[in-house]
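S.K.: What follows is the residue order along each chain.
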Amino acid sequence: MTKFSENIIGKIKNDCISPVPKWHFLLKNYAFWVMLVVSVILGSLSFSVIVHIANSGDIDLLDHMHGSLISSAVMMLPYFWLLSVAVFMLVAYCNWKHTKMGYRFKRRWIVLGSFLGSIFLGSIFYAIGMAKEVDGLMTTTIPIYNQSKHDALRELWFQPEKGLLVGKIIEIDEVEEKLVLRDESGKKWIVDDRAVGWENDELEKRGKIIKVIGLQTGEAYFEAKEIRRCNNCQDDEDEDFDDEKWGKDEKNTHKNIILKKEDLEKEASEE
Amino acid sequence: MEKEYLQELNNVAELSDEGLVKMTLENPDAYGFLIERYEEKLHRYILRISGGSREDVEDTLQDVFISAYKNLNDFDQDLKFSSWIYRIAHNKVISHFRKITARPKTVTYEGDNQLLNILASSEDMTKELERKHTGEEVRLILDELDERYREVLVLKFLEEKDYKEISDILEKPMGTVATLINRAKKQFKEKISKQDMKQNILKKV
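Taken in order, these protein sequences are the chains called X and Y. So that you can map any letter, position 7 of the first sequence is 177 in our numbering, and since no number is skipped, the others follow by simple counting. So that you can map any letter, position 192 of the second sequence is 291 in our numbering, and since no number is skipped, the others follow by simple counting.
Extracted from the complex, chain X is given alone in its bound form (with noise of 0.2 Å):
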């Protein structure tokens, strides 16, 4: 043995110096690879939520919006779930680096092997339900999340001159084909429905909160060439909004209606 040696086996020896126990190595290790997984499971579930709002129909608003292309994309945007696929894609990456293979492949490789995964995990996810219930849970449980979720929507629809409208129905006029809506500002709109096709039945009921596109034809009017399901306002929906009892007090004429529009257009001209 050298000089050397024997000092290095002498300081073990009198240092008491032991190998670190492997299931430390072990421990580390797993840890790693379960916080990869995890990372790239959340990754995927946020990347599940982007396709289910780009899914909820708003995407095609696009088209409907003619010189506002750029501002009303990026209005359109999901940041939250954008930002938590970039900050999950950045967890699992640093976990893969710091796992003991993790440097034999270039950044590129492991940012595009995180992204793709991501993807297809996304969506199966989505295919299976996951993300509106992600969605609906964040809705639930996190009333920031529930807050900018609203503000976006009434960012978005609440633009009457882009044709454009958000609104609960407080009065359906069956002969004339008209409705009258409430918006947020507590404003209502009297909108022509005729020349539309509903999504949904179920949806021209009084109490429905409903997005309208069309035109807006004069200062509490518009004429609507499409009414869909507000996705993500059902929440708001008031339950109490008893049919029968309204049906009570007044019948749902035409005349009633005729009688709501004098008053609507008498409160339009006094603003």
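These are computed hints drawn from the structure, not numbers from a lab. Ideal placement from N, C-alpha and C gives every residue a C-beta, glycine not left out.
So, partial list: chain X residues that the calculated Cβ filter (under 10 Å) puts toward chain Y:
1) 172
2) 177
3) 179
4) 183
5) 188
6) 191
7) 192
8) 194
9) 275
10) 276
Restricting the straight-line Cα-Cα distance to at most 30 Å, the calculated cross-link-like pairs of lysine-lysine (DSS-like) are:
11) Y:179 x X:198
12) X:270 x Y:121
13) X:192 x Y:121
14) X:173 x Y:121
15) X:267 x Y:121
16) X:198 x Y:121
17) Y:271 x X:198
18) X:181 x Y:140
19) X:270 x Y:169
20) X:183 x Y:140
21) X:267 x Y:263
22) X:270 x Y:271
23) X:276 x Y:285
24) Y:169 x X:173
25) Y:288 x X:276
Following the hints, complete the assembly by docking chain Y onto the known chain X.
M.R.: The following block gives chain Y in isolation, referenced to the frame of chain X:
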């Protein structure tokens, strides 16, 4: 009795590195054989990449062996033991020397003209070039290279490691190692050419 002991020692000495790792985990004395195998190589390697004083290099080398011993259970059987312990040395040099000095001092080691010869023959550089430059000049040129370039040149041409081993030591993808080596060779040759130009000018003056 003594004959049997010597025979046993001989058997241990003939074990592979990986076999010695297993044996060390049962008996720390077996670690002495591993130390003997790598003492010189690592000493030279640390000196080459750090350019530290002899004392600093020895301290670092001791740290390397103690650290390797503590982490023996983490030794990955997919790697060569030599790659694993070179990696520890590389990391120790980074944490030890680069804290002290932003730029290593002049590297003083033998066999630098070996690097020049290899680089010259690998890229058909002229024999004339080999004759022109002394080991000392090569040392100075190496010193001027970026640290990452210097280290890959040392590993590839002086430590004679292949791409896979360098990749395992530096913990970089093999493609990146290949790129680094190419760039390092290019930078090395550029420095050599500049050196030639300077010498020519000096001669004319």
